[in-house]
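S.K.: Chains as they are written, first to last, in my numbering: chain D, 7 to 306; chain S, 7 to 306; chain C, 7 to 306; chain L, 7 to 306.
Honestly, the hints are just simulated from the structure, not real lab data.
Certain hints may be false.
[Said to hold, decoys possible] List of simulated lysine-lysine pairs, DSS-like, C-alpha gap at most 27 Å:
(1) S/272 with L/49
(2) C/176 with C/110
(3) D/108 with C/273
(4) C/288 with L/232
(5) C/108 with D/288
(6) C/273 with D/273
(7) D/273 with C/288
(8) S/150 with S/110
(9) C/108 with D/273
(10) D/49 with L/49
(11) S/118 with L/288
Note that this is a predicted model, so its numbers are computed, not measured.
Number of protein chains: 4
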Amino acid sequence: MKTRIEGHLRSFQENNRNRGRLLVSCPDQPGIVAAVSNFLYEKGANIVESSQHSTNPEGGTFFIRFEFECENLNEKEALLEHDFLAIAERFSMDWKFTYAYKVKKTAIFVSKELHCLLELLWEWQSGDFTTDIALVISNHEDAKDIVESMGIPFHYIPASKEIRKEVEEKQLQLLEDYDIDLIVLARYMQILTPDFVTAHPNRIINIHHSFLPAFIGARPYERAYKRGVKLIGATSHYVTNDLDEGPIIEQDIERVNHRDSADDLKKIGRLIERTVLARAVKWHLEDRVIVHENRTIVFN
Amino acid sequence: MKTRIEGHLRSFQENNRNRGRLLVSCPDQPGIVAAVSNFLYEKGANIVESSQHSTNPEGGTFFIRFEFECENLNEKEALLEHDFLAIAERFSMDWKFTYAYKVKKTAIFVSKELHCLLELLWEWQSGDFTTDIALVISNHEDAKDIVESMGIPFHYIPASKEIRKEVEEKQLQLLEDYDIDLIVLARYMQILTPDFVTAHPNRIINIHHSFLPAFIGARPYERAYKRGVKLIGATSHYVTNDLDEGPIIEQDIERVNHRDSADDLKKIGRLIERTVLARAVKWHLEDRVIVHENRTIVFN
Amino acid sequence: MKTRIEGHLRSFQENNRNRGRLLVSCPDQPGIVAAVSNFLYEKGANIVESSQHSTNPEGGTFFIRFEFECENLNEKEALLEHDFLAIAERFSMDWKFTYAYKVKKTAIFVSKELHCLLELLWEWQSGDFTTDIALVISNHEDAKDIVESMGIPFHYIPASKEIRKEVEEKQLQLLEDYDIDLIVLARYMQILTPDFVTAHPNRIINIHHSFLPAFIGARPYERAYKRGVKLIGATSHYVTNDLDEGPIIEQDIERVNHRDSADDLKKIGRLIERTVLARAVKWHLEDRVIVHENRTIVFN
Amino acid sequence: MKTRIEGHLRSFQENNRNRGRLLVSCPDQPGIVAAVSNFLYEKGANIVESSQHSTNPEGGTFFIRFEFECENLNEKEALLEHDFLAIAERFSMDWKFTYAYKVKKTAIFVSKELHCLLELLWEWQSGDFTTDIALVISNHEDAKDIVESMGIPFHYIPASKEIRKEVEEKQLQLLEDYDIDLIVLARYMQILTPDFVTAHPNRIINIHHSFLPAFIGARPYERAYKRGVKLIGATSHYVTNDLDEGPIIEQDIERVNHRDSADDLKKIGRLIERTVLARAVKWHLEDRVIVHENRTIVFN
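Modelling step: build the complete structure from the supplied sequences, incorporating the hints.
M.R.: This is the structure in structure tokens:
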């Protein structure tokens with residue numbers, strides 16, 4: 007299995023060896039699109055996708071994302087980034103170039119409920135997720151067999167409130183060892199410490215099993231049942247130190263009715279959780295998500 | 007227009023002169039369906055629709071709704087209700103017969119935003135809502151022309167927090183004068199007093215412009231925008247004395263994205279509000295909604 | 007894995023050892039509900055769910071499904087079915103009792119695309135599908151490893167138009183050997199012969215990758231792309247000898263746009279195919295689907 | 007009412023007196039975005055929205071839409087268009103500038119079913135549709151009162167197959183008299199002649215009451231009922247001389263089930279028809295729709 011996926015990654019890298027992306031945010035003013043698109047043109051890059059957004063026609067913040075093809079891109083990275091400095095300075099830009107062939111390394115954290123993990127693995131082995139799932143960390147052993155059967159390292163780290171500090175030290179060491187770019191909490195039911203979260207800004211994606219901001223916190227399906235809602239939902243968001251208050255990347259819902267028990271809601275919800283998390287991770291991996299004032303701009 | 011609608015109602019009454027409904031709730035135990043369906047059979051009623059629900063297989067509450075056809079039903083009403091007493095007693099039932107030809111009288115309360123009112127009027131004049139819209143009450147005059155052009159009495163009663171008592175006295179008098187069965191708050195932006203609400207249990211339907219329990223209270227679209235949700239919704243519910251906490255009848259959502267301003271959310275939300283309120287009112291008019299422990303059972 | 011699932015099945019059988027279902031269709035007339043519910047009551051069965059449908063108030067066909075609990079049901083099967091004959095005759099009924107503890111045996115046919123198979127296996131191992139997946143048959147070997155890793159027999163039978171007869175003989179022998187109740191075509195891309203289909207009326211469920219009746223036949227996503235539709239869909243249906251014309255059990259759609267290539271449609275479609283097929287199979291396993299005049303009544 | 011809407015239009019024109027749009031399609035090649043965005047920058051235009059699409063990374067067609075703000079735009083129209091010629095020639099562009107303050111004139115054709123017309127009027131009087139609804143043409147008189155009550159000219163032109171030629175002559179005369187930009191067939195149940203259609207390429211929007219390409223032609227709801235579909239839909243498309251085969255602008259669906267009669271499907275379908283047509287018209291009015299090889303690119 008691992009071999010097959012490595013084949014996927016290699017063929018993806020081959021197909022995308024000239025594919026780059028440029029993300030920019032800056033104070034809105036005339037001339038930004040012209041300046042950046044000129045720059046790319048002069049560097050021999052052909053823009054294949056572009057999206058822009060402005061928070062406010064006047065005095066707001068401007069965001070733009072370009073996806074481009076450029077011959078021998080990997081040899082030009084340093085030059086591109088160096089030469090872009092002049093434009094970046096002129097418009098006071100936050101910016102980054104990313105290169106599709108530099109595949110992001112992902113760590114998945116999971117607990118006993120495996121449906122979100124399985125969905126991610128399934129999308130991954132289908133070739134739809136371009137990432138290297140470098141390891142899976144869990145406080146239970148339920149996922150061990152399936153993860154290892156796919157050739158992915160599995161790390162069992164029992165966790166509890168009392169030993170949170172030690173647990174996180176081990177986790178942080180692993181993240182460093184594996185050079186991780188993205189952490190996905192695929193129903194990992196432990197709270198992370200502020201230090202852990204702060205160290206990974208907009209790089210931890212969680213799935214919450216309600217349409218936030220409804221049912222923040224524990225046991226959302228039980229509370230949804232009790233409230234008698236006619237829709238249940240799921241929300242994927244970047245983790246911040248305000249519980250379930252981080253920037254929302256994606257949400258979806260499913261219809262339920264009076265016949266559905268709290269247990270039924272959980273089962274129905276699994277499908278939404280799986281798809282909502284998978285979409286958010288996919289968009290993140292493709293550098294389509296920008297965070298601004300606790301809201302996300304998703305260029306999809 | 008009024009003439010055309012009166013034509014609708016008359017033809018509905020004619021088509022439904024033998025159509026009755028029986029709603030029952032009681033402690034769950036064997037034999038209920040058999041007893042009630044036998045009773046209806048012996049009275050010459052043919053069951054055309056039946057739905058049941060049990061909160062819990064053992065020791066729970068059982069709900070059943072029958073819709074039936076019975077020759078000369080209007081002459082048999084008293085007899086039916088009298089003879090049903092024996093069964094009702096045996097099973098400790100809460101129960102009611104309703105008769106489709108006894109069309110419910112509805113009062114619509116509205117403020118300055120007319121989209122929900124217009125949807126209700128539109129469904130009504132299409133013949134899809136079987137009710138007599140007996141009057142419209144508003145604290146503004148915006149709806150006057152359209153309401154009166156349809157031959158419906160319009161009552162303008164300016165309202166504010168300070169004069170709430172006097173306002174409600176006038177409203178209650180009108181509800182009594184017109185013999186109203188159902189009150190629909192079609193974006194009527196005033197809070198009703200506990201006395202007013204208590205006097206109409208499960209007979210006031212409100213539309214709230216969020217997917218409750220998210221964004222309870224004022225300005226939900228502004229708050230939805232600020233929170234950066236990817237879905238907005240609307241909720242129709244019976245009004246109780248806990249603000250926006252009454253039993254939910256129906257909810258729906260629409261997808262939004264980062265380009266939508268708070269004003270866009272309001273516009274997009276209008277469509278959801280209209281359809282969600284219309285569905286809830288329709289189900290109530292057809293006696294499809296039962297309230298149990300602040301949740302609704304909707305037999306649709 | 008197999009052990010875990012056998013545990014699921016055993017605990018399901020234990021929990022449902024008193025659970026039966028009765029499905030009836032007959033010419034509509036008064037007294038049916040009364041007669042059947044009385045019968046069940048007298049036999050000591052408590053009705054926990056009932057649904058009915060009539061194709062036409064007058065002179066139509068009436069359908070009813072009861073789900074009931076009855077002490078020591080497995081000892082009473084023969085008696086129930088014998089004693090029901092009198093009622094069945096009186097109302098000219100088609101009828102069957104089924105027993106939840108008699109778990110249906112399912113064969114899954116699959117080709118090279120595994121997403122539908124994987125979804126079924128996933129729902130099954132989660133305990134949501136109450137069936138014994140007795141074997142998987144495929145004309146390719148792609149599914150072999152995953153299927154056998156779950157302890158399910160995998161039969162590789164290469165297929166082509168030329169040898170259809172021999173292939174089907176082998177398949178039919180396996181279906182008989184394993185005593186199969188339900189055949190699921192989980193993207194099995196071969197046409198079945200009329201003899202094969204006729205031998206399994208309403209017992210073969212297929213997933214077609216379009217919202218039928220649009221795009222009947224081959225390559226629906228390519229044709230959907232060419233037509234420029236804004237929605238793509240999937241349809242699960244019972245197989246008949248009219249290609250893609252059998253009774254529809256379930257359909258769903260997903261939104262697409264001009265940016266999506268035919269390949270993108272295929273990827274997006276996989277999610278719909280998986281969920282639509284899984285729902286249809288689940289409803290069939292719970293005896294919720296009745297076929298009437300090439301349409302389905304789904305009591306869900 | 008007319009006065010109120012004229013107020014809307016005037017305030018829209020005022021708010022948008024500097025708002026222009028540029029739509030371009032041309033063979034794909036590097037440098038297009040740079041050239042056009044430079045041009046706009048040099049002319050003093052600030053890009054507030056841009057969207058692009060390429061049918062194929064290599065050798066395909068490239069589409070781009072800019073929305074921009076430019077001081078004193080109405081004085082610069084001729085200059086802009088003149089100076090753009092050089093770029094247009096260099097890249098072999100099809101292109102057009104449009105000016106938001108030049109409000110399009112719309113004619114609505116309707117028959118006896120008014121729900122789509124009413125939705126358009128409702129969106130219009132809410133200020134959400136920026137168009138001048140210059141006249142309504144109908145082969146029935148049902149819409150007369152409501153249309154005239156809003157101050158819109160209503161033209162009653164009885165129609166039938168036999169007199170199609172004369173009818174269309176009258177209609178064409180009216181379209182010319184009123185200087186119409188867009189024709190909306192809001193459930194106008196007459197076939198237009200090839201001459202009529204050819205004279206208005208991509209300027210006639212129709213609503214078809216099925217999810218095309220399912221149920222092309224007459225009586226789609228009856229056929230949907232008979233086929234037993236679980237979803238019904240509606241499709242808005244530009245009219246071409248192939249019946250119901252024109253480029254699709256928007257589609258949507260609603261879930262139905264076995265209890266819904268053909269008449270119920272019609273009622274449920276009305277809501278979808280209304281919203282699907284309204285969205286398509288809105289996007290057309292905002293110059294968001296480009297037709298390419300019988301498919302639409304919708305930059306929304």
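S.K.: Against each hint, give a clear statement of whether it holds in the structure.
M.R.: Each hint tested on the structure:
For the hint pairing residue 272 of chain S with residue 49 of chain L, the CA-to-CA distance comes to about 35 Å; that exceeds 27 Å, so the pair is violated. Of the pairs offered as hints, the one joining residue 176 of chain C and residue 110 of chain C holds, with about 21 Å between alpha carbons and a cut-off of 27 Å not exceeded. The straight-line distance between the Cα atoms of residue 108 of chain D and residue 273 of chain C is roughly 23 Å, inside the 27 Å bound, and the hint therefore holds. Distance hint between residue 288 of chain C and residue 232 of chain L is fulfilled; the C-alpha atoms sit about 24 Å from each other, no more than 27 Å.
Restraint check for residue 108 of chain C and residue 288 of chain D: the C-alpha separation of about 42 Å exceeds 27 Å, so the hint is violated. Between residue 273 of chain C and residue 273 of chain D the CA atoms are separated by roughly 24 Å; this keeps the pair inside 27 Å, and the hint holds. Of the supplied pair hints, the one linking residue 273 of chain D and residue 288 of chain C holds, its CA atoms being roughly 13 Å apart against a limit of 27 Å. The suggested pairing of residue 150 of chain S with residue 110 of chain S holds, with an alpha-carbon distance near 23 Å, which does not exceed 27 Å.
A C-alpha spacing of about 23 Å is found between residue 108 of chain C and residue 273 of chain D, which places the hinted pair at or below 27 Å, so the restraint holds. Proposed proximity of residue 49 of chain D and residue 49 of chain L is supported: the alpha carbons are some 25 Å apart, at most 27 Å. Between residue 118 of chain S and residue 288 of chain L the CA atoms are separated by roughly 24 Å; this keeps the pair inside 27 Å, and the hint holds.
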